[in-house]
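Peer 1: Listed here are the chains, written in short residue letters.
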Amino acid sequence: MSPRQIANLIDAHAPALLLFARQFCGCPEDVVQEAFLKLVAQREWPREAAPWLYRVVRNAALDAIKSQRRRERREQAAAHAARWFVEPEIDGLDAEAASAALAGLPLEQREVIVAHLWGGLTFEQVGATIGGSASTAYRRYQAGLAALREKLGIPCTNNPS
Amino acid sequence: VHEQPELTSDPVAEKLGRFTPDASCFDRDALLFQAGRASVRPRRLWPALAGTLALAQAATLLFFLTRRPEPAQHPLVVVAPGPAAVDEVRPLPPSPSGEPAGLAYRRAAMTGELDDLPPVQALDRPVVADSVLSVRSVSAVLSVD
Numbered sequence: 001m002s003p004r005q006i007a008n009l010i011d012a013h014a015p016a017l018l019l020f021a022r023q024f025c026g027c028p029e030d031v032v033q034e035a036f037l038k039l040v041a042q043r044e045w046p047r048e049a050a051p052w053l054y055r056v057v058r059n060a061a062l063d064a065i066k067s068q069r070r071r072e073r074r075e076q077a078a079a080h081a082a083r084w085f086v087e088p089e090i091d092g093l094d095a096e097a098a099s100a101a102l103a104g105l106p107l108e109q110r111e112v113i114v115a116h117l118w119g120g121l122t123f124e125q126v127g128a129t130i131g132g133s134a135s136t137a138y139r140r141y142q143a144g145l146a147a148l149r150e151k152l153g154i155p156c157t158n159n160p161s
Numbered sequence: 001v002h003e004q005p006e007l008t009s010d011p012v013a014e015k016l017g018r019f020t021p022d023a024s025c026f027d028r029d030a031l032l033f034q035a036g037r038a039s040v041r042p043r044r045l046w047p048a049l050a051g052t053l054a055l056a057q058a059a060t061l062l063f064f065l066t067r068r069p070e071p072a073q074h075p076l077v078v079v080a081p082g083p084a085a086v087d088e089v090r091p092l093p094p095s096p097s098g099e100p101a102g103l104a105y106r107r108a109a110m111t112g113e114l115d116d117l118p119p120v121q122a123l124d125r126p127v128v129a130d131s132v133l134s135v136r137s138v139s140a141v142l143s144v145d
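Quick note, the sequences are listed as chains X and E, same order. The C-terminal residue of the first sequence carries number 161 in the numbering used here, and the numbering is unbroken. The C-terminal residue of the second sequence carries number 145 in the numbering used here, and the numbering is unbroken.
Please note that a few of the clues may not be correct.
Derived Cβ-Cβ restraints for the label pairs, each shown as a range [stated by the list, open to error]:
| no. | chain 1 | residue 1 | chain 2 | residue 2 | range |
| --- | --- | --- | --- | --- | --- |
| 1 | E | V40 | X | N8 | 17 to 27 angstroms |
| 2 | X | P155 | E | A38 | 46 to 56 angstroms |
| 3 | E | G51 | X | A12 | 41 to 51 angstroms |
| 4 | X | E96 | E | R43 | 14 to 24 angstroms |
| 5 | E | F33 | X | G153 | 44 to 54 angstroms |
| 6 | E | L45 | X | G132 | 39 to 49 angstroms |
| 7 | X | G131 | E | T20 | 35 to 45 angstroms |
| 8 | E | R43 | X | S2 | 30 to 40 angstroms |
| 9 | E | R44 | X | G132 | 36 to 46 angstroms |
| 10 | X | Q42 | E | S24 | 20 to 30 angstroms |
| 11 | X | M1 | E | A56 | 38 to 48 angstroms |
Below are the EDC-like pairs computed for lysine to aspartate or glutamate, each with C-alpha atoms no more than 16 angstroms apart in a straight line [as the list claims (entries may be wrong)]:
| no. | chain 1 | residue 1 | chain 2 | residue 2 |
| --- | --- | --- | --- | --- |
| 12 | E | K15 | X | D11 |
| 13 | X | K151 | X | E96 |
| 14 | E | K15 | X | E87 |
Worth flagging that the hints you see were computed from the coordinates, not collected in a lab. Keep in mind it's a predicted model, so treat the numbers as computed, not measured. Glycine is no exception: its CB is placed at the ideal position from the N, C-alpha and C atoms.
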């Protein structure tokens, strides 16, 4: 793999991977960087790099949580203070409010929403990443969106009731 | 299966999806540098070859240092006994006719005049049987010049 390809891959997936890793731990930069380095060190390039990166990031973040729980708590507090999105608001939706609503979701819903919404992974890929099925990922995604809709006060156009 | 209908159908997903994840704290250049370093495959051929040769050298040196010296091989010299010294033979007394004793014997033997043979004198030290027989010794014994 050429340096240009690696740079393109970083540009395309690093921001969403950071947001994805941020759902688990307070050191998303380290986890994402390690994932990319692990990808580069692979003898055989994975068939689909993006799902592979999400899987590695998730496992590394979970390991970090298990091994360094005390440090994680401190970094988690710092992570909440960190900015999650570039834009301050979009169409009246405040970025901090969106971040807070997202952070208030259960982890199993958050990871699916981030991987699908910002990572662009299909539900099959998300299911493989979380170690479940596509149906499981889809159910969690819908449940998370419903919770976000309620937290942010945005009515669903498909289901106004 | 479930492809992304939510981005257009759900307003929450549509709004949230337009937010760009912040990666300002992410050092892209440092990651590229680290990736470049990580992508270099270590060349193990030459270190392995050098290590093998060094081990062989050390083994050879150890072998020569710990080898017990073998006893020196002395050349086997066989000393053959030299020719036995021929004792000086006392010459026979001249025959009555004045000719040498050897010739007198020969002549007497050829003509049958055995009575004219000079008397035989016993040798003090007869020649041993295993002594080297040479012309000189025979001549000396027979007093033949």
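Peer 1: If a hint holds in the structure, say so; if it doesn't, say that too.
Peer 2: Now for the hints, and whether the structure bears them out:
1. Take V40 (chain E) and N8 (chain X): their Cβ atoms lie about 20 angstroms apart, and the range 17 to 27 angstroms holds.
2. The hinted window of 46 to 56 angstroms between P155 (chain X) and A38 (chain E) holds, with their beta carbons roughly 49 angstroms apart.
3. Separated by about 43 angstroms at the C-beta atoms, G51 (chain E) and A12 (chain X) satisfy the suggested range of 41 to 51 angstroms.
4. For the pair E96 (chain X) and R43 (chain E), the beta carbons lie near 51 angstroms from each other, so the given range of 14 to 24 angstroms is not met.
5. Restraint check, F33 (chain E) to G153 (chain X): a C-beta distance of roughly 45 angstroms satisfies the suggested window 44 to 54 angstroms.
6. Range check, L45 (chain E) to G132 (chain X): about 45 angstroms between beta-carbon atoms, so the 39 to 49 angstroms window is met.
7. Taking 35 to 45 angstroms as the suggested C-beta distance range, the pair G131 (chain X) and T20 (chain E) does not conform, at roughly 28 angstroms.
8. Taking 30 to 40 angstroms as the suggested C-beta distance range, the pair R43 (chain E) and S2 (chain X) does not conform, at roughly 20 angstroms.
9. For R44 (chain E) and G132 (chain X), the Cβ-Cβ distance of about 41 angstroms falls inside the hinted range of 36 to 46 angstroms, so the restraint holds.
10. Under the hint 20 to 30 angstroms, the C-beta atoms of Q42 (chain X) and S24 (chain E), about 28 angstroms apart, fit the expected range.
11. Checking the proposed 38 to 48 angstroms range against M1 (chain X) and A56 (chain E) shows it holds: the Cβ atoms sit about 39 angstroms from each other.
12. Restraint check for K15 (chain E) and D11 (chain X): not satisfied, since their Cα atoms lie roughly 22 angstroms apart, outside the 16 angstroms limit.
13. Between K151 (chain X) and E96 (chain X), the direct Cα distance comes to roughly 13 angstroms. Compliance with the 16 angstroms bound is thereby established for this hinted pair.
14. Restraint check: the Cα-Cα separation between K15 (chain E) and E87 (chain X) comes to about 12 angstroms, which is no more than 16 angstroms; the hinted pair holds.
The structure fails hints 4, 7, 8, 12 (numbered hints given earlier, in ascending order).
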